[in-house]
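S.K.: What follows is the residue order along each chain.
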Amino acid sequence: MPNYEFSNYLQFILSGLSTGSIYVLVALGVVTIYSVTGIVNLAQGEYCMLGAMLAVTFTRWGLPLALAFVAAIVSVTLIGVLIERLTVQPARSASSITLIMITVGVSIVVRGIALLAWGTTPLSLPSFTRGAPLDILGAAVSLQRLWIMGTAIVTLLLLYFLFERTLLGKAVRACAINRQAAGLMGISAGQMSALVFALSAALGAVGGIVIAPLMLASYDMGLMLGLKGFVAAVIGGLTSLPGAVIGGLLLGVIESLGAGLISSGFKDAIAFLVLLLVIFARSGRFIGMPKLKPGGKVKPAEARP
Amino acid sequence: MLAIEGLTQVFGGVVALDAVSLEVAEHSITALVGPNGAGKTTLFNIVAGAYPPTAGTVRLGGRSLNGLPAHARVGLGIGRTFQNALLFDKMTVLENVMVGRHARSSQGMLAAALRLPAVRAEEERIFLAAMRCLNLVGLGMHAHTPAGSLPFGQQRLAAIARALATEPKLLLMDEPAAGLNTLERQGLADLIRTIREMGITVLLVEHDMTLVMQLAEWVVVLDHGRKLAEGTGEQIRKNRQVIAAYLGAEAG
Amino acid sequence: MTKRWPWRRDLTGRILTRNSVGLLAFALTVGALPLVLRSPYLLSTAIFIGIYTIVTLGLCLLMGYAGQVSLGHAAFWGIGAYTSAILTVKFGVSPWLAMIAGVLVTAGVAYVIAIPIFRLREHYLAMATLGLGIIATLAFGEFRELTGGPSGLPGVPRLAVGGFIFDGDVEYYYLVWGAVVALIGLSLNIVNSRVGRALRAVHASEAAAESIGVDASRYKLQVLVLSAAYASLAGSLYVHYMQFVSPQAFDFGVSVRLVVMAAVGGLASVWGAPFGAAAVMNVTVLLREALPLVIPNASDKHITIVYGLVLILIMIFMPEGLTRGVIEGFHRNARN
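Top line first, the protein sequences correspond to chains A, B and C.
Under the working numbering, the first residue of the first sequence carries the number 1, and numbering increases by one thereafter.
Under the working numbering, the first residue of the second sequence carries the number 1001, and numbering increases by one thereafter.
Under the working numbering, the first residue of the third sequence carries the number 2001, and numbering increases by one thereafter.
Quick caveat, the hints were computed from the structure, so don't treat them as lab data.
All figures in this text were calculated on a predicted structure; none of them were measured in a lab.
Each residue gets a CB set at the ideal place from its N, CA and C atoms; glycine is no exception.
One thing to keep in mind: the hints can contain errors.
As the list claims (entries may be wrong) - Some but not every residue of chain A turned toward chain C, in silico, with C-beta under 7 Å: (1) P90; (2) A91; (3) I97; (4) V109; (5) I136; (6) G138; (7) F280.
What the hints assert, rightly or not - Simulated coverage check for chain C against chain A, where a stretch passes if three residues somewhere in it have a Cβ under 8 Å from a Cβ of chain A: (8) 2032 to 2044; (9) 2108 to 2120; (10) 2296 to 2307.
What the hints assert, rightly or not - Between beta-carbon pairs, the in silico distance windows are: (11) C:E2289 <-> A:E5: 39 to 45 Å; (12) B:G1179 <-> C:S2020: 41 to 47 Å; (13) C:Q2248 <-> B:G1108: 33 to 39 Å; (14) A:E5 <-> B:G1067: 50 to 56 Å; (15) A:M185 <-> B:D1089: 32 to 38 Å; (16) C:R2218 <-> A:L168: 42 to 48 Å; (17) C:S2039 <-> B:D1089: 33 to 39 Å; (18) C:Q2248 <-> A:R60: 31 to 37 Å.
Could you build all of it, start to finish, from the sequences and the hints given here?
M.R.: Next comes the structure, spelled out in structure tokens:
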């Protein structure tokens, strides 16, 4: 392990926090969909990819930056609803492994269509603001990273407002706690399903747009982002939004520190090692305890998380 | 045979069972009754091992069952049937009952893969034992019918045969008479008496009070998660609190 | 046999005979194929189909009978392949011993993952295998001294028995398909046994199965280990055929292709496995020829789109898999 100074560690941590912010956005999408519909959406990362690619394409078509972003987010949101209607609705009563495989299929198809549309060459998006990296206590933090963290914070605030203050948000939360009771209150499960997919797609798109200047947008950028954001959601417990935030930031920092301190070749593996560790740890805690099934009542006979 | 002490179960904020204690005598037919939501099925689930209680102990023949998962309790002699049969729909009736022999047989995956002679011999034994159980409940001729295609009453019988195949010492029957017509109920009553004659202790949850009075030597009444009363059928019938609980449940 | 136990013919007797006859017919068909296939390219494809079949067989048992998903099964395949390759190339171990070692290592990995996982709900295994698959692919590429890194490990020897070396495609075809026939036989035995019944019961209603004494977690674990062992064998056979191994052969895309093969073949179907493997391979080969005519620079990446669509469609309309769905549709029509 090379000799690092404080400023190096700070660099790793700050860099980890900004990448972690992207994982947070993806993880929020995963948690939202899972707690309301019980579906493990492995295609979440593709919304990031679509957001980034569409944003670049819209700017190339002449739209000013801000407008291109909005257009991209809206488009991806609509695509999310489309995917939900086409692939999830017809199979809504299927077993969870069937649904997982459908989401895997969706992720493959979306990636493939992106390949056809944009080819393999990565696209670049300029940083939102030009300027030299900031110096924070010796660590160099690029402006884009600040944008990422700022966007994540703003998004979290908006989500908080949505879930705590608006009727729609409360309906979503009711559905997450008890789908049957929510149904009795007049909240349509089908509409909720479409809504959470739309919301998650939007979150993913935002994440993709905001990281594109740093990592180059390409048709397969969604796979790793999606899987790692997914790991972040699992760290946080799969049904908890604050957990997703903690999970995402934690994962980003661990990954960054691990890559810097141990080995950069294994960077991608770190997230999955953490996943395995978390799953193992979790299984110890949940033996035999009744656990709330997402969107439904406690089913004593199937009392496992 | 079965001793339950201070059994408490809390789900989220709901107290399903509140310090319930009761004993089931060996070779008896005991009935657990009470209005809906009294906690009867919860009690069954805990005794069968579906989930651990929030507090309290369950003992079978003096031995504590706490911490044992459901499948391990079968080996110790606890069998159960469910309110809605829960048969393995796509398997035949005979195959359903043969799965019931699982705890009483042992050949594993490797032996099965190689189809060793020991495996063939065991299959023979499993087959015979399963047929005996099926014949006991009167479904022998339906052995090769897919379980899901049986009429409801016969599905119940198949589920009982399956539970009997586990050679239980204590059989938990969850509302075995629900949905059966009068003739079927008579048959069920006879079957339960036969089961008791085989040396099996029966604990049943039932709403059909006529059947309960016919069959049960001992009745335990639960209401809102608490034991309200227990005694012989006659005693329970005359118990004011029980009457009030049932009337209250009907009015409310 | 039928006279002493007249009822047995109906239950175990008929099933056994039907399977034995089926297996014999299958073996004969497969055995005769090289005589019909003149082109060496087709023979080579047939060998690959055989290898895929072995992996798919394990995956079908896992997905259909244990009701679990493995999104990283290529990892088990790869671990078997790399163990065989490393032991034979770097340490001069006999290929057969290396194969056994591969099975043990792979089974061990599966066992370690499985112990905690099966207490949780199904999607946790999907996640864990996903994670395992990605870690494995990275590990194959990173431990260069041992695995040869991203460019792979060449020089893997051929399999041999005594003086007979499995060198030509025809011999290798019989070796691989001989293994396929044997494994199908073993799998059928398992499915029609006490264990198989228990697995089907767990698949139908885990609560009911547990209530009659079936330890669901234990059997899911056993099936996972079994499916990992199958994959490892396939990996060893693969490596001794190609005489080369590299990480790209075992990445996430391959895991997905395996799942598609299992889905097409029929999740709870032993006979579906060769069918699914053959169908997907043949379609892949066809697409490789046809697609570049429509889309310039078409590569395997484009073919993956088709896999994805097929997977989605099958899961929506026939979640038990294609062959099972077709057979059941057939039965339904026959009854009406």
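S.K.: Now tell me if each hint is right for this structure.
M.R.: Results for each hint:
The interface hint given for P90 of chain A is met, as the beta carbon of that residue sits about 5 Å from the closest beta carbon of chain C, less than 7 Å. For A91 of chain A, the interface hint holds, the least distance from its beta-carbon to any beta-carbon of chain C being 5 Å, beneath 7 Å. Because the smallest distance between the Cβ of I97 of chain A and any Cβ of chain C comes to about 4 Å, under 7 Å, the interface hint for this residue holds. Hint on V109 of chain A holds. Least Cβ distance to chain C is approximately 4 Å, under the 7 Å limit.
Evaluation of the I136 of chain A hint against chain C yields a violated restraint, the C-beta minimum of about 32 Å exceeding 7 Å. For G138 of chain A, the interface hint is violated, the least distance from its beta-carbon to any beta-carbon of chain C being 31 Å, above 7 Å. Against a cut-off of 7 Å between C-beta atoms, the interface hint on F280 of chain A holds, since the closest Cβ of chain C lies about 5 Å away. Restraint check on the stretch 2032 to 2044 of chain C versus chain A: 0 residues with Cβ-Cβ distances below 8 Å, three needed, restraint violated.
Requiring three or more residues with a Cβ within less than 8 Å of a Cβ of chain A, the coverage given for the stretch 2108 to 2120 of chain C holds, as 5 such residues are present. Against chain A, the stretch 2296 to 2307 of chain C contributes 5 residues with a C-beta closer than 8 Å to a partner C-beta. That satisfies the three-residue criterion, and the hint holds. Taking the beta carbon of each, E2289 of chain C and E5 of chain A are about 59 Å apart, not inside 39 to 45 Å as hinted. With their beta carbons about 43 Å apart, G1179 of chain B and S2020 of chain C fall inside the hinted range of 41 to 47 Å.
The beta-carbon spacing between Q2248 of chain C and G1108 of chain B, approximately 38 Å, falls within the hinted interval of 33 to 39 Å. As the Cβ distance of E5 of chain A to G1067 of chain B is approximately 52 Å, the hint placing it in 50 to 56 Å holds. At about 33 Å, the CB distance of M185 of chain A to D1089 of chain B agrees with the hint of 32 to 38 Å. A beta carbon spacing of about 46 Å between R2218 of chain C and L168 of chain A agrees with the range 42 to 48 Å that was offered as a hint.
For the pair S2039 of chain C and D1089 of chain B, the beta carbons lie near 47 Å from each other, so the given range of 33 to 39 Å is not met. Checking the proposed 31 to 37 Å range against Q2248 of chain C and R60 of chain A shows it holds: the Cβ atoms sit about 33 Å from each other.
The earlier numbered hints that this structure contradicts are 5, 6, 8, 11 and 17.
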